[in-house]
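Peer 1: Spelled out, the chains give:
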Amino acid sequence: DGGITQSPKYLFRKEGQNVTLSCEQNLNHDAMYWYRQDPGQGLRLIYYSQIVNDFQKGDIAEGYSVSREKKESFPLTVTSAQKNPTAFYLCASSYGRGSGEQFFGPGTRLTVL
Amino acid sequence: GESVGLHLPTLSVQEGDNSIINCAYSNSASDYFIWYKQESGKGPQFIIDIRSNMDKRQGQRVTVLLNKTVKHLSLQIAATQPGDSAVYFCAEKSPLGTGFQKLVFGTGTRLLVSP
Chain A
910 DGGITQSPKY LFRKEGQNVT LSCEQNLNHD AMYWYRQDPG QGLRLIYYSQ
960 IVNDFQKGDI AEGYSVSREK KESFPLTVTS AQKNPTAFYL CASSYGRGSG
1010 EQFFGPGTRL TVL
Chain B
8 GESVGLHLPT LSVQEGDNSI INCAYSNSAS DYFIWYKQES GKGPQFIIDI
58 RSNMDKRQGQ RVTVLLNKTV KHLSLQIAAT QPGDSAVYFC AEKSPLGTGF
108 QKLVFGTGTR LLVSP
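Chain order of the listed sequences is A and B. If you're matching positions, the first sequence starts at 910 in the numbering used here and goes up one per residue. If you're matching positions, the second sequence starts at 8 in the numbering used here and goes up one per residue.
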């Protein structure tokens, strides 16, 4: 089955620690995205990548970092510089230059203790 | 500026009723819109999309209407079922200035279906 997987589903972090969220897709999509969702709110774009070895900041990139070493993988690191990291994180992918539908993973819920 | 907003945060309907979820957008140059359904604790699922050269598009039990004059989008769900209970988001495609495009999401409407 083709799709997007995210792991872990739940993640707990102590203040001051960096943590990396995994996102893998086997849809052969060029573009991948990371979004943050807070309770009762819509999705906000953190980072996006159009192709391998390329990525760009989205609307709320401060305190986050990404890499795109493989087409299938787009991990997100939440650093200690992120002031309010507790949120639901969603990874997505799409064909081409962001046109059309984005396919979403199941999400990772990050809680900072 | 760009923004996508929803008129009602929560919509409660009875099973079997038709549901209408509304969405306003501000960018008159937007040419592509999507509706997503998100169940609790899960990622959004694609429902239906529409391009700006269309006024209406139908899927299975769902219809999206686009009124470009007033920059309004609606999602109609026929014969609403308890399984339709979820948060519904509209999103519009927005250029990023790098030749790439992103989706701008609204805040969502929660649909509650009572048996």
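These are computed hints drawn from the structure, not numbers from a lab. Glycine included, every Cβ here is placed at the ideal spot set by N, Cα and C. Among the hints, a few may not be true.
[What the hints assert, rightly or not] Selected chain A positions facing chain B (in silico; Cβ < 8 Å):
hint, residue
1, 948
2, 960
3, 961
4, 964
5, 972
6, 995
7, 999
8, 1015
9, 1016
[As the list claims (entries may be wrong)] DSSO-like cross-link-like pairs, simulated, lysine-lysine; straight-line CA separation at most 27 Å:
hint, chain 1, residue 1, chain 2, residue 2
10, B, 49, A, 980
11, A, 992, A, 966
12, A, 923, B, 49
13, B, 63, A, 992
14, B, 44, A, 966
15, A, 918, B, 44
16, A, 979, B, 75
Peer 1: Now, for every hint given, state plainly whether the structure supports it.
Peer 2: Cross-check of the supplied hints:
| no. | hint | verdict |
| --- | --- | --- |
| 1 | 948 | violated, 11 Å |
| 2 | 960 | violated, 10 Å |
| 3 | 961 | violated, 15 Å |
| 4 | 964 | violated, 11 Å |
| 5 | 972 | violated, 19 Å |
| 6 | 995 | violated, 15 Å |
| 7 | 999 | holds, 5 Å |
| 8 | 1015 | holds, 5 Å |
| 9 | 1016 | holds, 5 Å |
| 10 | 49(B) to 980(A) | holds, 24 Å |
| 11 | 992(A) to 966(A) | holds, 17 Å |
| 12 | 923(A) to 49(B) | holds, 24 Å |
| 13 | 63(B) to 992(A) | violated, 43 Å |
| 14 | 44(B) to 966(A) | holds, 26 Å |
| 15 | 918(A) to 44(B) | holds, 19 Å |
| 16 | 979(A) to 75(B) | violated, 40 Å |
In terms of the numbered hints stated before, the structure departs from hints 1, 2, 3, 4, 5, 6, 13, 16, listed from lowest to highest.
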